[in-house]
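Colleague: Residue numbers (our numbering), protein chains in the order written: chain A, 6 to 172; chain B, 6 to 172.
Hints are supplied without guarantee of correctness; some may be wrong.
Put simply, identical chains are the same to the list, so a pair is met inside one copy or across any two.
As the list claims (entries may be wrong) - Capping the alpha-carbon separation at 30 Å, the derived lysine-lysine pairs in DSBU-like fashion look like this:
id: 1; residue 1: Lys152; residue 2: Lys107
id: 2; residue 1: Lys77; residue 2: Lys152
id: 3; residue 1: Lys107; residue 2: Lys77
id: 4; residue 1: Lys135; residue 2: Lys77
id: 5; residue 1: Lys152; residue 2: Lys50
id: 6; residue 1: Lys77; residue 2: Lys50
id: 7; residue 1: Lys152; residue 2: Lys135
id: 8; residue 1: Lys50; residue 2: Lys135
id: 9; residue 1: Lys107; residue 2: Lys135
Source of the hints: derived by calculation from the structure; they are not laboratory data.
All figures in this text were calculated on a predicted structure; none of them were measured in a lab.
There are 2 protein chains.
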Amino acid sequence: MTNEVLESGPIHLQPATEEDLELLMAWRSHPDVYRYFYMQDGPLKWEEHYRFWNSRHDRVDWIIYLDDGNRKRKVGSVNATNLSNDIPEIGIFIGEVTLMGKGIGTLALSLVVQWLRTRGYSRVRARISKDNTPSQRLFASIGFEEKGEIHDGAEWIYEKLLIDDNE
Amino acid sequence: MTNEVLESGPIHLQPATEEDLELLMAWRSHPDVYRYFYMQDGPLKWEEHYRFWNSRHDRVDWIIYLDDGNRKRKVGSVNATNLSNDIPEIGIFIGEVTLMGKGIGTLALSLVVQWLRTRGYSRVRARISKDNTPSQRLFASIGFEEKGEIHDGAEWIYEKLLIDDNE
């Protein structure tokens, strides 16, 4: 769907490839990562992970690279989904769990927000677990606003306007 | 130290490279993996992981590949250390945590035991957490015997003779 590399300072986003599957699975199997996933309550099985990968459509999954000046490494993943809808969704996780809360998410999300803006979308959504305060703060910090809830309140909808916005 | 690929049925061992660092770190940061590591009680920080990698000596770390008939994927790591001593040590973890207990460890360990045997070592050791019953059973199943304890009993020493042994 895209091959562009997106860059902001030490953060680079590159579309994930099949080579990244084991790493994505290892990240998504860590309790500090999956505990906020609505559809997952334990580490992944390969078959479900591979099925997810092969049935992906209408979305882009990027690997978040961090260049620490010494080496560029993979630290997490960000995605844009529902790209054929008017309002796409954005999702993110930091896989290198000891890097959580260090500002990587802000940079990575801003890159994807900008990518969506240049593609002409006028708003973007995120679904965030009601318990995921760090993520709620993160999305709020880049201009997302709470708009409602789904799944009987288990997840909150956040939304951001992409037009008339001076970010 | 070695470039050989070791194979046994669906299991292939290939020396780990710098490309595998993020995956090794993600695996070693999972609580189901590190809870049995004597020197680790939380997820890793990149700096300590990278320092460990660059200061490795006298050891081989292999990636365990599983070929499921459809795709060959990375599922864990096995290592042989203290290779300049008379009695090397062997260590293993399954990183794909939902594959634990499925026999991968038995095949991978047997390959490394055989590799050590052909290199002329007459015995091999393992240090296993006293709480790690699955690993104790695994090593016992391929002929290791309990020989004593260290760290005030926190770890048990297992040992296997590599000569006069018909495995």
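Colleague: Tell me, please, which holds for Lys135 and Lys77 at an alpha-carbon limit of 30 Å: within, between, both or neither?
Modeller: neither (33 Å within a copy, 38 Å between copies)
Colleague: With identical chains treated as interchangeable, where does the CA-CA distance between Lys107 and Lys135 reach 30 Å or less: within a copy, between copies, both, or neither?
Modeller: Within one copy only: 21 Å inside a chain, 36 Å across chains, cut-off 30 Å.
Colleague: At most 30 Å between C-alpha atoms: does Lys152 with Lys107 qualify within a copy, between copies, both, or neither?
Modeller: within (26 Å within a copy, 46 Å between copies)
Colleague: First find the shortest C-alpha distance between Lys77 and Lys152 inside one copy, then the shortest across copies, and answer within, between, both or neither for a cut-off of 30 Å.
Modeller: neither (37 Å within a copy, 44 Å between copies)
Colleague: For Lys50 vs Lys135, is the C-alpha pair at or below 30 Å within one copy, between two copies, both, or neither?
Modeller: Answer is both; intra-copy 26 Å and inter-copy 28 Å each pass.
Colleague: Taking 30 Å as the upper bound on the Cα-Cα distance, should Lys77 and Lys50 be classified as within, between, both, or neither?
Modeller: Both: 28 Å inside a copy, 15 Å across copies.
Colleague: 30 Å Cα cut-off: does Lys152 pair with Lys50 within a copy, between copies, both or neither?
Modeller: neither (34 Å within a copy, 36 Å between copies)
Colleague: Under a CA distance limit of 30 Å, which applies to Lys152 and Lys135: within one copy, between copies, both, or neither?
Modeller: within (13 Å within a copy, 51 Å between copies)
Colleague: Using 30 Å as the alpha-carbon threshold, which applies to Lys107 and Lys77: within, between, both, or neither?
Modeller: within (16 Å within a copy, 35 Å between copies)
Going through the hint list in order, the structure does not satisfy hints 2, 4 and 5.
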